Amino acid sequence: MLLSYLPILIMIGFATAMALGALFASFLMRPRNPYREKLSPWECGMEPVGDATGGHFRVHFFIIAILFVIFDVETLFLFPWAVLLTDKSISLFIFAEMIIFVAILALGLIYAWAKGALEWV
Amino acid sequence: MPDIATLLQVLLIVVKVGVVTMILFGLPLPLTWLERKVAGHIQVRLGPWRVGPHGLLQPFADMIKLLFKEDIVPYKADKLLFNLAPLITMVPAFAVFVAIPFGDSVMIPFINKEVTLYISDMNVGILYILAISGLGVYGLILGGWASNSKYALLGGLRSSAQMISYEVAMTFAAVGVVMMTNSLSLVEMVKAQSGSFLSWNIFYLPVGPVWFVIFLIAGLAEINRIPFDLTEDEGTLAAGFHTEYSGMKFAFFMLAEYVAMVTISILAVVMFFGGWNAPLEVPVPIPPIFWLVAKAAAFIYFFMWIRFTLPRYRYDQLMTIGWKILIPVALVNLLVTGFMRI
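Top line first, the protein sequences correspond to chains A and B. Heads up: the first sequence runs through residues 1 to 121, numbered per the working numbering. Heads up: the second sequence runs through residues 1001 to 1342, numbered per the working numbering.
Note that these hints are calculated values from the structure, not bench results. Values in this document were obtained by computation on a predicted structure and should not be read as measured data. The beta carbon of each residue, even a glycine, is placed where N, CA and C say it ideally should be. One or more hints might be untrue.
Negatives, chain A to chain B, calculated, CB over 10 Å [as the list claims (entries may be wrong)]:
1. Glu47
2. Tyr111
3. Lys115
The calculated lysine-lysine pairs, modelled on DSS-like cross-linking and capped at a C-alpha distance of 25 Å, are [as the list claims (entries may be wrong)]:
4. B:Lys1065 x B:Lys1079
5. B:Lys1065 x A:Lys38
6. A:Lys38 x B:Lys1069
7. B:Lys1069 x B:Lys1079
8. B:Lys1113 x B:Lys1191
9. B:Lys1191 x A:Lys88
Take the sequences, apply the hints, and build the full model.
Here you go:
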């Protein structure tokens, strides 16, 4: 059981090691010639104005993130149901249950739609 | 103290992981060449031609160029996150391959030992893949934010919003496949589709093709390829979240993108096209892994073909497709599939 999850750790170690190795090789070979203009954030050649990360971003991205959390967690609940669906002793019961669940999910989507959370103007 | 058998198993895992990592690191070499060749021929050009025969050495030249590029960190950037972001994008893209099955077990001739052609058959395989590939979003948004450049920040926000939106539709498609095959393990999924091509999930009428289309559209958006490559919308966003990256770190983002494309291709094959199963009984013995590679290669070619054929969507159209079309269709399809399976 544990043995089937051990490869994840090994793979992460391998990938990180190879990435760091490539970075080190490039570190040995690349030129270093920095000056202020080269290191300034790219803004079409103009002097950059202000800070980009001052926390100013459209609130709509935040709404999408919240919607994602709700829907992704709800789809997660569908997985155990999907595996058990063909079990004849409970299949009718859980299918009816899932119709209610999906109906609530759809209601949430309709609400978000009606409130304009899905509009992107 | 672990016994010898366990140690041997661990050694085998290390060898397998090493081989897969090496292949994945080398994969962008043929893929970039192929992509540019396909682009060239679709646009009635030759594509790469000068470096080596048929431009075959072009990717090596690119690799050397990237190694020798100066590493630029903008003076306003958050240094730690800026350096960490490419790794956060790349490592999960590799870690996904732990759960991907390439074939059933084969006999190794000299040591007379049966070896499975997958690293690990997790009983939650598909869930693991969705979870780990979702982690790549952190790299995009952190890279965009840490650059402290307006284009990079906007690109990072847009790409993360796009990826999380389509992840919902992708999860629904995965649920559909789990319903059709009754298992979360990818190996079981392929075994449930054995037989002729009619037992593949794509031919599970009428719901199979619908799940496949949902999966394909969501997959295209997840790997940020045209028509959904809003993250690298060069007309409005310079280069998106990796505007400020150069040299090897830029290469890592590209590497992650190519590995993700291969992942989606193999997943489409495993979930809908019968994995390593042959489409028909063939009289000559063909190793099963050939079928998986051939089908995945067809998908990779399909993604390249789309890239040089279709224009790009607008951002509001992207959100409309994701939330207002794919998710309602998936919800209805979910009920229809459930009704068929009980």
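Please name the hints from earlier in the document that this structure breaks, with their numbers sorted from lowest to highest. none
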